[in-house]
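Given only the sequences and the hints, what does the whole structure look like? Please build it.
Line by line, the protein sequences are chains P and X.
If you read the first sequence in the working numbering, its first letter stands for residue 85, the second for the next number, and so on.
If you read the second sequence in the working numbering, its first letter stands for residue 28, the second for the next number, and so on.
Don't take each hint at face value.
[To be verified] Heads up, simulated DSBU-like pairs for lysine-lysine below, C-alpha to C-alpha not over 35 angstroms straight-line: (1) Lys178(P) <-> Lys279(P); (2) Lys281(P) <-> Lys168(X); (3) Lys169(X) <-> Lys178(P); (4) Lys249(P) <-> Lys172(X); (5) Lys279(P) <-> Lys168(X); (6) Lys129(P) <-> Lys279(P); (7) Lys140(X) <-> Lys279(P); (8) Lys178(P) <-> Lys140(X); (9) Lys122(X) <-> Lys150(P); (10) Lys150(P) <-> Lys140(X); (11) Lys169(X) <-> Lys87(P); (12) Lys172(X) <-> Lys87(P); (13) Lys249(P) <-> Lys87(P).
Worth flagging that the hints you see were computed from the coordinates, not collected in a lab.
All values reported here derive from a predicted model rather than from experimental measurement.
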Amino acid sequence: MNKRYVFTASGLIFVLIILVVSVRHIRGTASLTQASENLKVKGPKDAPIHIVIYSDFQCPACKAAKAPLEDLRNQFVDSVNVEFRHYPLQRPHKWALAAATFAQCAAEQNKFWELHDRLFENQEIWSSSLDPLSLFAGMVQELGLDAQQFESCIRNPETLTQIQKEYSLGSKQGVQSTPTIFINGQMLIGAVQLKEKGPSIIIEELKKNHKSVPSL
Amino acid sequence: MALLLLIMRLILGAVFVYSGFSKLIAPLENFTAVIEGYRFLNPQFIWPIAFFLPWLELILGTFLFTGFLTRLSAALLGLFSAVFVTLLARSIVLKLSITECGCFGAGISLAPKQALLLDSGLLLMALCLSIFSSSLFSLDKKLQK
Chain P
85 MNKRYVFTAS GLIFVLIILV VSVRHIRGTA SLTQASENLK VKGPKDAPIH
135 IVIYSDFQCP ACKAAKAPLE DLRNQFVDSV NVEFRHYPLQ RPHKWALAAA
185 TFAQCAAEQN KFWELHDRLF ENQEIWSSSL DPLSLFAGMV QELGLDAQQF
235 ESCIRNPETL TQIQKEYSLG SKQGVQSTPT IFINGQMLIG AVQLKEKGPS
285 IIIEELKKNH KSVPSL
Chain X
28 MALLLLIMRL ILGAVFVYSG FSKLIAPLEN FTAVIEGYRF LNPQFIWPIA
78 FFLPWLELIL GTFLFTGFLT RLSAALLGLF SAVFVTLLAR SIVLKLSITE
128 CGCFGAGISL APKQALLLDS GLLLMALCLS IFSSSLFSLD KKLQK
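So this is what it looks like as structure tokens:
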């Protein structure tokens, strides 16, 4: 009887391993180089270290990741560029998509990072507001964006399509929560991992690329 | 009674199969981040648990679903459920910043309180199955012939 049990257990486990490996293989992972347009990139374009952050403006953990990401950029100023990609989690965050849309339209007028900073700085205020759209509009006005161009961008279905494209690209790359950060393809999740592992990953990548490592 | 136990066996098995599978097809970093969020483990233990736990959930869930080593599988899954219930209750009491339990990868999103309710139900089912077993349409029954 024992032999039959061992044989059955081994058979079932073998089938499960094959199944998981096959599904992983079929799903694959999308390439990180399939970047969106370059309006949401900060830092030298030809930097050896490319950081992609999938983020949601209404997510407190994304706000917490802003400072460590800035620290990394300041530490490795010539070696790092950061690309922002939208990943609005609409179920827990009612206004995430609206914020992403405003930010996407600010990007069209080269003011993405300015609005990005304001949205995160005031996250608690607009998240709990009854009318966050008017607060977004106020921020846009403060930044001096062309109102007509901005409004036509907001109404343009292409804006939403771009956000959805970035979201689905993130999902293909295995993003499940925000913020998810890729440093030259290496995945980190959340501000703590970014703070603890980010610098060592960058140093390793720089060494791999035979680039000089700044003293920290 | 036999039919009720069969239904419990299929539900409990299916939930763990889905839970393990959805974590296994996603990058490991997602589940390590979920475990980190519960703040109960020394960092050196997080990676091994993130690696092995989904496999155990998938294997034991399949065993239970097919009625193979039913009592043992149910007892082990009951143990997992008890641990999950404890961790979820702890996260609620300590007001940890966990908005999503991370139980099912990207598949199903549950708040800690919802997950606590689900896991308590699973724990009850696992207890029933480890006490009474379920031989209807089971591999155990076929193998004992």
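Now the hints, each set against the structure:
1. Lys178(P) <-> Lys279(P): holds, 28 angstroms
2. Lys281(P) <-> Lys168(X): violated, 51 angstroms
3. Lys169(X) <-> Lys178(P): violated, 52 angstroms
4. Lys249(P) <-> Lys172(X): violated, 56 angstroms
5. Lys279(P) <-> Lys168(X): Violated, at about 54 angstroms.
6. Lys129(P) <-> Lys279(P): With a Cα-Cα distance of about 23 angstroms, the restraint between lysine 129(P) and lysine 279(P) holds, given a limit of 35 angstroms.
7. Lys140(X) <-> Lys279(P): Answer holds: lysine 140(X) to lysine 279(P) is near 30 angstroms, not above 35 angstroms.
8. Lys178(P) <-> Lys140(X): holds, 20 angstroms
9. Lys122(X) <-> Lys150(P): Within the cut-off at roughly 23 angstroms; holds.
10. Lys150(P) <-> Lys140(X): holds, 29 angstroms
11. Lys169(X) <-> Lys87(P): Holds: lysine 169(X) and lysine 87(P) sit about 14 angstroms apart, inside 35 angstroms.
12. Lys172(X) <-> Lys87(P): holds, 14 angstroms
13. Lys249(P) <-> Lys87(P): violated, 52 angstroms
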